[in-house]
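Under our numbering, residues 50 to 222 are what the sequence shown spells out, in order.
Worth flagging that the hints you see were computed from the coordinates, not collected in a lab. Treat the hints with care, as some may be off.
Unchecked claim - With a Cα cut of at most 20 Å, we get these calculated PhoX-like pairs of lysine-lysine: (1) K61 to K76; (2) K210 to K142; (3) K216 to K205; (4) K76 to K64; (5) K54 to K64; (6) K66 to K76; (7) K66 to K54; (8) K142 to K205.
Said to hold, decoys possible - Label pairs and their computed distance ranges (CB to CB): (9) Y137 to A179: 42 to 48 Å; (10) S182 to M53: 47 to 53 Å; (11) G78 to L171: 46 to 52 Å; (12) F183 to R111: 50 to 56 Å; (13) G78 to G195: 23 to 29 Å; (14) M149 to S115: 32 to 38 Å.
Using N, Cα and C, we set each Cβ at its ideal position, and we do this for glycine too.
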Amino acid sequence: MDVMKIGRFLQKLRKDKGLTQEQLAEKTGVARRTVSRWETGTNMPDLDILIELSDLYEVDLREILSGERKSEKMNEELKETVLQVADYSNDEKERLLRRMHWLFIAGLIGFAAFLVINLLHLENTSPYEAIGSFGLGIAFGMIILGVIFTGRSAEKIRQFKMRLLRKAGKEKA
50 MDVMKIGRFL QKLRKDKGLT QEQLAEKTGV ARRTVSRWET GTNMPDLDIL
100 IELSDLYEVD LREILSGERK SEKMNEELKE TVLQVADYSN DEKERLLRRM
150 HWLFIAGLIG FAAFLVINLL HLENTSPYEA IGSFGLGIAF GMIILGVIFT
200 GRSAEKIRQF KMRLLRKAGK EKA
């Protein structure tokens, strides 16, 4: 997939509709900078936004993904399938966000325990020293997990995990 080509195509479609980046951003509920990133090929829109753009520009989704116009129209069955995939993708994002919230709360509690122990000067007392160190470790671990999950590494890890699961499923069959 040539994201630069797709970006140029998205820009052309927007201009053909007579929209500014700001107007498109308002219609899709994103920042103008996000639209700019799509059009420069830095980022790709989420699947649900791609479908919305397809409807707005009255082009086939496959045309957007290929970065050029094609003569055939996408049938309703394929469009429905893509919408279902978009819903699944959004559900998966929500589950990940909930997990991230719980992890950050755990990190916050761990860091708070560390701070309280240090502020009360209990860091040299036997059980409190271990509790404070554990709390700081939890907080540091959650920061690392947060960076991984919010960066591109999480997607690579998920894809690797899916490949392993598929491979294990094939070996069992």
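Q: Hints the structure violates: just list their numbers, smallest first.
A: none
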